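Student: Using the sequences provided together with the hints, build the complete structure.
Note that the protein sequences, when read in sequence, are chains A and B.
So for the first sequence, the numbering used here puts the first residue at 9; every next one is plus one.
So for the second sequence, the numbering used here puts the first residue at 30; every next one is plus one.
If you are wondering where the hints come from, they were derived from the structure by calculation, not from laboratory data.
Predicted model, so just to flag it, every value in this text is computed and none were measured.
Ideal placement from N, C-alpha and C gives every residue a C-beta, glycine not left out.
Treat the hints loosely; a few may be bogus.
Claimed, not checked - Among the chain A residues that face chain B by a calculated CB cut under 8 Å, a handful are:
| hint | residue |
| --- | --- |
| 1 | Asp41 |
| 2 | Gly44 |
| 3 | Asp45 |
| 4 | Val47 |
| 5 | Val70 |
| 6 | Val73 |
| 7 | Phe77 |
| 8 | Arg110 |
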Amino acid sequence: MTVPADLRYTRDHEWVRIDGDEAVVGITGYAADQLGDIVFVELPETGKQLEASRPFGVVESVKAVSDLFAPLTGEVVATNDALTGGPELVNSDPYGDGWMIRLRLADPNDLEDLLDADAYDALVAAG
Amino acid sequence: MTESVPHETPLAARHEQLGARMIDFSGWRMPVQYGSILDEHRAVRERVGLFDLSHMGELMVEGPEAAAGLAAALVSDPTALSIGRAQYSMIVAPDGGIIDDLIVYRLAEDRFLVVANAGNAEVVSDTLAERLTKRRAILDDQSLATGLVAIQGPRAVDVLTPLTDIDLSALRYYAIAEGTVAGIAGLIARTGYTGEDGFEVFVEWSRTGELWDALAAATQAANGLPVGLGARDTLRLEAGMPLYGNELDRTTTPFDAGLGRVVKLEKDGDFVGRAALERAVAEGSKRRLVGLIVEGRGIARHGYAIHAGDRVTGAVTSGTQSPTLGVPIAMGYVAPADGTPGTVLDIAIRDARVPARVVDLPFYRRRSTT
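Tutor: This is the structure we're talking about:
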């Protein structure tokens, strides 16, 4: 499986779409498949300050509860309300309608810790 | 300490071929899900599902004192069972704590099949054998010689009828009969752990693969699915059925769990746990198992604390998002005074207190009855 080439990724299986000084964040198709049917997503309030690598929310499947980890430092400016009634969007469209939060980045140039698509594919392949 | 290699049922290779995610469950390598737990759950509610339950324990108890011996060893009264009928039962310790929940099937005047949970099969076998030592009855642990496949759902009877020589219209709920399925000799019971109509088929271990293949083809033709332990758990929770290790354990009496009807104090003779259970009835339970429907946002899970106002009143024993009801449901123990249906309690879900309403069990009841 290869992931969208225009996105960046974290080792915790989040994806990031950089949009100027903002970033949209979700979890990868691989993560969604591993979790199975997603039945609940807990996201932070807008205005919340997130710190890179710290947990910012929760995604739950039928059997399991998993933390979501902030890929970058910034302020939450939007969350995907559609996930409240439609958590399954994360499974059906993880890179599109399954997006989770939009961040205003503290430092739009500090992206070095993110993986590119090839590096993320290699990470997943390594198991 | 070295871990022992898990047991495999005769169907392990088939599960893997179907792409199942396998886990170690009570020392057995079992399928959690073949694809989507929600799809498997819905298949059983709407059509039919097929389960590998070969990990369960099957204990044959036979002899002139089999009935009396079991009556003295268990809380229920197997002497009251007609031939071909079954009862839900429990084996408790002398202090009344539950060792396992069981189904006891009467196959003949002097022959009983006792089915135990996989994780407790050995301790039940040992304990029961010990309790029968002075009786003219022999316990034969056939767990590793018996395969078990369950077929559950509204279409189960349609799937099984062409494959069996047993008249299923005459096989009532909680009955068992000897016959053949796909030409294989076995026992067919109308019991299950899903809240749907269905059957559990016991065959000799070496025939389990053949049995599964025949049932799987018929299940597929009926638009059903193979179903793993993930959906088995969500199905039984909706049906309000307890799981040993969650709702039932050594610190719990049948009365705590709302299952006092299983204990037949009026039966003749002593039984292990009688004194403790009579005391428990007289004193009343200190806690009560309730159903909960979460009314706020969040899924209640095993271990989460339950609050009544600013006081902790108990904890969640099982919880999930109910596929059929579309809301989070849970079972848990609370102080009896907080357990009246309609009471709104709070469940601690991470940093939040989420309201949940006490309801009668089960959460789901199927429409038709047999």
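Student: Holds or violated: is the Cβ of A:Val47 closer than 8 Å to a Cβ in chain B?
Tutor: 4 Å, holds
Student: Checking hints one by one. Is A:Asp41 an interface residue toward chain B, by the C-beta closer than 8 Å rule?
Tutor: 10 Å, violated
Student: Take the shortest C-beta to C-beta distance between A:Val70 and chain B; is it under 8 Å?
Tutor: 5 Å, holds
Student: Would the hint on A:Phe77 stand, with a C-beta cut-off of 8 Å toward chain B?
Tutor: 15 Å, violated
Student: Going by Cβ atoms only, is A:Val73 closer than 8 Å to chain B?
Tutor: 7 Å, holds
Student: Under the criterion of a CB-CB separation shorter than 8 Å, is A:Gly44 in contact with chain B as hinted?
Tutor: This hint holds: A:Gly44 lies near chain B, its Cβ roughly 6 Å from the closest one there, short of 8 Å.
Student: Would the hint on A:Arg110 stand, with a C-beta cut-off of 8 Å toward chain B?
Tutor: Hint on A:Arg110: violated, closest Cβ of chain B at ~21 Å, above 8 Å.
Student: Does A:Asp45 meet its interface restraint, that is, does its C-beta lie within less than 8 Å of any C-beta in chain B?
Tutor: 4 Å, holds
Hints 1, 7 and 8 from the list above are not met by this structure, while the remaining hints are.
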